[in-house]
Amino acid sequence: MPSRSSLLHLARTITAFTLLIALAGGCLHSSPRKTLRIGLSPDAPPMVFLQNGELAGIEITLGQMLSKSLKREPQWVQLKWPDLIPALEANQIDIIMSGMSITEERAESILFTSPYMDVGQLVAIRWSDLQQRSDPRSMKAPGTRIGVGKGTTGETLVADRFPAAQIVSFDHTAGLVDGLRLGEVDFIVHDAPTIWHITAEPGGGDLIGLFRPLNQEFLAWAVAPQQLELKKKIDTLISEWKQEGQLDAAFNQWIPIRVNVGH
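In terms of the working numbering, the sequence shown opens at residue 2 and continues consecutively.
These are calculated hints, taken from the structure and not from any lab test. Treat the hints loosely; a few may be bogus.
Cross-link-like lysine-lysine pairs, in silico, DSS-like; alpha carbons within 25 Å at most [what the hints assert, rightly or not]:
#1 K141 with K151
#2 K243 with K232
#3 K232 with K81
#4 K243 with K233
#5 K243 with K72
Model, not experiment: these values are computed from the prediction.
Can you make the complete structure from the sequences, with help from the hints?
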(Lines of atoms letter the chains of each structure in order from A and count residues from 1; the text may use other names and numbers.)
(Lines give C-alpha, C1' and ligand atoms only; values in the text may rest on other atoms or scores of the structure.)
Protein backbone atom coordinates (compact mmCIF):
# COMPACT_ATOMS: atom_id res chain seq x y z
CA MET A 1 0.00 0.00 0.00
CA PRO A 2 1.48 3.42 -0.94
CA SER A 3 2.53 5.69 1.89
CA ARG A 4 0.70 8.91 2.74
CA SER A 5 3.64 10.98 1.41
CA SER A 6 3.58 9.04 -1.87
CA LEU A 7 -0.13 9.72 -2.33
CA LEU A 8 0.33 13.44 -1.60
CA HIS A 9 3.18 13.62 -4.13
CA LEU A 10 1.03 11.82 -6.73
CA ALA A 11 -1.89 14.22 -6.11
CA ARG A 12 0.38 17.25 -6.52
CA THR A 13 1.79 15.79 -9.74
CA ILE A 14 -1.70 15.17 -11.17
CA THR A 15 -2.81 18.70 -10.17
CA ALA A 16 0.27 20.29 -11.77
CA PHE A 17 -0.20 18.22 -14.93
CA THR A 18 -3.88 19.18 -15.13
CA LEU A 19 -2.99 22.88 -14.76
CA LEU A 20 -0.33 22.55 -17.46
CA ILE A 21 -2.85 20.96 -19.85
CA ALA A 22 -5.36 23.73 -19.11
CA LEU A 23 -2.78 26.43 -19.79
CA ALA A 24 -1.67 24.73 -22.97
CA GLY A 25 -5.28 24.43 -24.08
CA GLY A 26 -5.78 28.12 -23.48
CA CYS A 27 -2.77 28.91 -25.65
CA LEU A 28 -4.03 26.66 -28.39
CA HIS A 29 -7.43 28.33 -28.40
CA SER A 30 -6.11 31.91 -28.29
CA SER A 31 -5.87 32.87 -31.95
CA PRO A 32 -3.67 35.70 -33.22
CA ARG A 33 -5.26 38.98 -34.23
CA LYS A 34 -7.37 38.48 -37.34
CA THR A 35 -6.04 39.98 -40.55
CA LEU A 36 -7.85 42.19 -43.05
CA ARG A 37 -6.80 41.10 -46.53
CA ILE A 38 -6.79 44.29 -48.56
CA GLY A 39 -6.70 43.88 -52.34
CA LEU A 40 -5.12 46.70 -54.33
CA SER A 41 -3.46 47.48 -57.63
CA PRO A 42 -0.58 49.89 -56.85
CA ASP A 43 -0.63 51.70 -60.17
CA ALA A 44 -2.68 54.83 -59.55
CA PRO A 45 -0.90 57.61 -57.71
CA PRO A 46 -1.88 59.25 -55.45
CA MET A 47 -4.56 56.65 -54.58
CA VAL A 48 -2.18 53.70 -54.30
CA PHE A 49 1.28 53.23 -55.77
CA LEU A 50 4.82 52.09 -55.06
CA GLN A 51 7.18 54.71 -53.65
CA ASN A 52 10.78 53.54 -53.36
CA GLY A 53 9.50 49.98 -53.44
CA GLU A 54 6.99 50.55 -50.61
CA LEU A 55 3.20 50.82 -50.85
CA ALA A 56 2.02 54.39 -50.48
CA GLY A 57 -0.96 56.64 -51.14
CA ILE A 58 -4.41 57.53 -49.88
CA GLU A 59 -5.63 53.92 -49.82
CA ILE A 60 -2.69 52.81 -47.68
CA THR A 61 -3.33 55.58 -45.15
CA LEU A 62 -7.05 54.76 -45.07
CA GLY A 63 -6.39 51.01 -45.01
CA GLN A 64 -4.27 51.44 -41.89
CA MET A 65 -7.01 53.54 -40.27
CA LEU A 66 -9.66 50.98 -41.20
CA SER A 67 -7.67 48.00 -39.93
CA LYS A 68 -6.96 49.73 -36.63
CA SER A 69 -10.64 50.62 -36.16
CA LEU A 70 -11.71 47.04 -36.93
CA LYS A 71 -8.95 45.68 -34.64
CA ARG A 72 -7.45 43.68 -37.48
CA GLU A 73 -3.98 43.52 -38.98
CA PRO A 74 -3.72 44.80 -42.56
CA GLN A 75 -2.46 42.29 -45.10
CA TRP A 76 -1.78 44.02 -48.41
CA VAL A 77 -2.53 41.81 -51.42
CA GLN A 78 -1.12 43.31 -54.64
CA LEU A 79 -3.02 42.32 -57.78
CA LYS A 80 -3.46 43.48 -61.34
CA TRP A 81 -6.50 45.72 -61.76
CA PRO A 82 -8.59 43.15 -63.73
CA ASP A 83 -7.93 40.53 -61.03
CA LEU A 84 -9.33 42.52 -58.08
CA ILE A 85 -13.01 41.62 -58.39
CA PRO A 86 -12.35 37.93 -59.24
CA ALA A 87 -10.08 37.73 -56.15
CA LEU A 88 -12.87 39.13 -53.97
CA GLU A 89 -15.37 36.67 -55.45
CA ALA A 90 -12.96 33.80 -54.79
CA ASN A 91 -12.49 34.86 -51.13
CA GLN A 92 -8.79 35.56 -51.69
CA ILE A 93 -9.21 39.05 -50.24
CA ASP A 94 -11.67 40.67 -47.80
CA ILE A 95 -11.92 44.11 -49.34
CA ILE A 96 -10.87 46.09 -52.41
CA MET A 97 -9.23 49.43 -51.60
CA SER A 98 -7.84 50.64 -54.89
CA GLY A 99 -9.53 53.84 -56.03
CA MET A 100 -12.45 51.95 -57.54
CA SER A 101 -15.40 53.90 -58.94
CA ILE A 102 -18.96 52.76 -58.24
CA THR A 103 -20.64 51.43 -61.38
CA GLU A 104 -23.84 49.48 -61.92
CA GLU A 105 -21.95 46.69 -63.69
CA ARG A 106 -19.51 46.22 -60.81
CA ALA A 107 -22.31 46.42 -58.25
CA GLU A 108 -23.88 43.31 -59.80
CA SER A 109 -21.13 41.12 -58.33
CA ILE A 110 -19.69 43.08 -55.39
CA LEU A 111 -21.02 45.12 -52.49
CA PHE A 112 -19.83 48.74 -52.38
CA THR A 113 -19.43 50.66 -49.16
CA SER A 114 -20.57 54.25 -48.83
CA PRO A 115 -18.45 56.46 -51.10
CA TYR A 116 -15.48 58.15 -49.46
CA MET A 117 -14.53 60.48 -52.34
CA ASP A 118 -16.44 62.42 -54.99
CA VAL A 119 -14.39 62.50 -58.19
CA GLY A 120 -14.82 62.68 -61.93
CA GLN A 121 -12.85 61.89 -65.05
CA LEU A 122 -10.43 64.68 -65.94
CA VAL A 123 -8.35 65.39 -69.05
CA ALA A 124 -4.66 66.24 -69.30
CA ILE A 125 -2.75 67.56 -72.31
CA ARG A 126 0.74 68.83 -73.08
CA TRP A 127 1.37 72.49 -72.26
CA SER A 128 2.62 72.93 -75.81
CA ASP A 129 -0.84 71.96 -77.11
CA LEU A 130 -2.78 74.29 -74.84
CA GLN A 131 -3.82 76.73 -77.57
CA GLN A 132 -5.41 74.17 -79.86
CA ARG A 133 -6.60 71.59 -77.32
CA SER A 134 -7.72 73.50 -74.23
CA ASP A 135 -11.38 72.98 -75.18
CA PRO A 136 -12.47 69.37 -74.44
CA ARG A 137 -14.81 69.60 -77.45
CA SER A 138 -11.73 69.21 -79.63
CA MET A 139 -11.63 65.61 -78.39
CA LYS A 140 -14.59 64.90 -80.69
CA ALA A 141 -12.57 65.50 -83.85
CA PRO A 142 -12.21 62.32 -85.96
CA GLY A 143 -8.90 60.58 -85.42
CA THR A 144 -8.11 62.34 -82.14
CA ARG A 145 -5.98 59.99 -80.06
CA ILE A 146 -7.18 59.66 -76.47
CA GLY A 147 -5.21 57.64 -73.94
CA VAL A 148 -7.02 55.77 -71.17
CA GLY A 149 -6.33 53.10 -68.58
CA LYS A 150 -7.34 49.63 -69.70
CA GLY A 151 -10.48 48.39 -67.94
CA THR A 152 -11.19 51.73 -66.25
CA THR A 153 -14.33 53.86 -66.17
CA GLY A 154 -12.36 56.40 -68.21
CA GLU A 155 -12.07 53.90 -71.05
CA THR A 156 -15.84 53.31 -70.99
CA LEU A 157 -16.64 57.02 -70.86
CA VAL A 158 -14.35 57.89 -73.80
CA ALA A 159 -15.80 55.11 -75.96
CA ASP A 160 -19.28 56.46 -75.18
CA ARG A 161 -18.64 60.19 -75.39
CA PHE A 162 -16.09 60.36 -78.23
CA PRO A 163 -16.96 57.65 -80.78
CA ALA A 164 -14.92 59.30 -83.55
CA ALA A 165 -11.74 59.29 -81.48
CA GLN A 166 -9.01 56.68 -81.59
CA ILE A 167 -8.83 55.10 -78.14
CA VAL A 168 -5.39 54.01 -76.98
CA SER A 169 -5.54 51.82 -73.86
CA PHE A 170 -2.58 51.49 -71.51
CA ASP A 171 -1.98 48.76 -68.94
CA HIS A 172 -0.28 51.09 -66.47
CA THR A 173 -0.71 54.71 -65.43
CA ALA A 174 2.99 55.40 -65.93
CA GLY A 175 2.70 54.22 -69.54
CA LEU A 176 -0.38 56.40 -70.03
CA VAL A 177 1.49 59.51 -68.87
CA ASP A 178 4.57 58.64 -70.92
CA GLY A 179 2.32 58.16 -73.95
CA LEU A 180 1.12 61.74 -73.63
CA ARG A 181 4.62 63.11 -73.13
CA LEU A 182 5.99 61.19 -76.10
CA GLY A 183 3.19 62.29 -78.42
CA GLU A 184 1.61 58.86 -78.78
CA VAL A 185 -1.74 60.38 -77.75
CA ASP A 186 -3.24 63.88 -77.81
CA PHE A 187 -5.22 63.67 -74.56
CA ILE A 188 -5.34 61.37 -71.57
CA VAL A 189 -8.41 60.73 -69.40
CA HIS A 190 -8.20 59.44 -65.83
CA ASP A 191 -9.67 59.85 -62.34
CA ALA A 192 -9.33 63.38 -60.97
CA PRO A 193 -6.83 62.46 -58.18
CA THR A 194 -4.45 60.97 -60.74
CA ILE A 195 -4.65 64.01 -63.03
CA TRP A 196 -4.11 66.33 -60.05
CA HIS A 197 -1.11 64.26 -59.06
CA ILE A 198 0.67 63.99 -62.41
CA THR A 199 0.24 67.67 -63.24
CA ALA A 200 1.42 68.85 -59.80
CA GLU A 201 4.33 66.48 -59.16
CA PRO A 202 7.93 67.58 -59.81
CA GLY A 203 8.66 67.12 -63.50
CA GLY A 204 4.98 67.45 -64.39
CA GLY A 205 5.39 70.99 -65.67
CA ASP A 206 5.11 69.88 -69.29
CA LEU A 207 1.53 68.66 -68.68
CA ILE A 208 -1.59 70.54 -67.71
CA GLY A 209 -5.00 69.36 -66.55
CA LEU A 210 -8.26 70.63 -68.01
CA PHE A 211 -10.02 70.89 -64.70
CA ARG A 212 -13.62 70.54 -65.77
CA PRO A 213 -14.78 66.99 -65.05
CA LEU A 214 -16.25 65.00 -67.92
CA ASN A 215 -18.61 63.32 -65.46
CA GLN A 216 -19.20 62.67 -61.78
CA GLU A 217 -18.05 59.49 -60.10
CA PHE A 218 -17.79 58.24 -56.55
CA LEU A 219 -14.96 56.14 -55.19
CA ALA A 220 -15.80 53.39 -52.70
CA TRP A 221 -14.40 50.19 -51.29
CA ALA A 222 -15.90 46.82 -52.09
CA VAL A 223 -16.60 43.67 -50.09
CA ALA A 224 -18.27 40.40 -50.97
CA PRO A 225 -22.11 40.54 -51.09
CA GLN A 226 -22.40 38.21 -48.10
CA GLN A 227 -20.28 40.57 -45.94
CA LEU A 228 -23.15 42.92 -45.12
CA GLU A 229 -22.11 43.34 -41.47
CA LEU A 230 -18.59 44.33 -42.50
CA LYS A 231 -20.04 46.86 -44.94
CA LYS A 232 -22.22 48.37 -42.18
CA LYS A 233 -19.24 48.76 -39.86
CA ILE A 234 -17.20 50.41 -42.61
CA ASP A 235 -20.07 52.74 -43.58
CA THR A 236 -20.29 53.90 -39.96
CA LEU A 237 -16.55 54.58 -39.86
CA ILE A 238 -16.62 56.51 -43.14
CA SER A 239 -19.44 58.70 -41.80
CA GLU A 240 -17.50 59.37 -38.58
CA TRP A 241 -14.27 60.14 -40.45
CA LYS A 242 -16.08 62.62 -42.71
CA GLN A 243 -17.58 64.43 -39.72
CA GLU A 244 -14.29 64.47 -37.81
CA GLY A 245 -12.20 65.63 -40.79
CA GLN A 246 -10.06 62.50 -40.87
CA LEU A 247 -10.84 61.78 -44.53
CA ASP A 248 -9.83 65.29 -45.60
CA ALA A 249 -6.62 64.97 -43.58
CA ALA A 250 -5.74 61.77 -45.45
CA PHE A 251 -6.55 63.38 -48.81
CA ASN A 252 -4.49 66.48 -48.02
CA GLN A 253 -1.51 64.32 -47.10
CA TRP A 254 -1.36 62.96 -50.66
CA ILE A 255 -3.15 65.64 -52.70
CA PRO A 256 -2.01 69.01 -51.34
CA ILE A 257 -3.54 70.73 -54.38
CA ARG A 258 -7.06 69.92 -55.52
CA VAL A 259 -8.99 71.87 -58.12
CA ASN A 260 -12.75 71.91 -57.72
CA VAL A 261 -14.62 73.04 -60.80
CA GLY A 262 -18.35 72.74 -61.38
CA HIS A 263 -19.75 70.34 -63.98
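Each hint tested on the structure:
no.: 1; hint: K141 with K151; in the structure: holds (20 Å)
no.: 2; hint: K243 with K232; in the structure: holds (16 Å)
no.: 3; hint: K232 with K81; in the structure: holds (24 Å)
no.: 4; hint: K243 with K233; in the structure: holds (16 Å)
no.: 5; hint: K243 with K72; in the structure: holds (20 Å)
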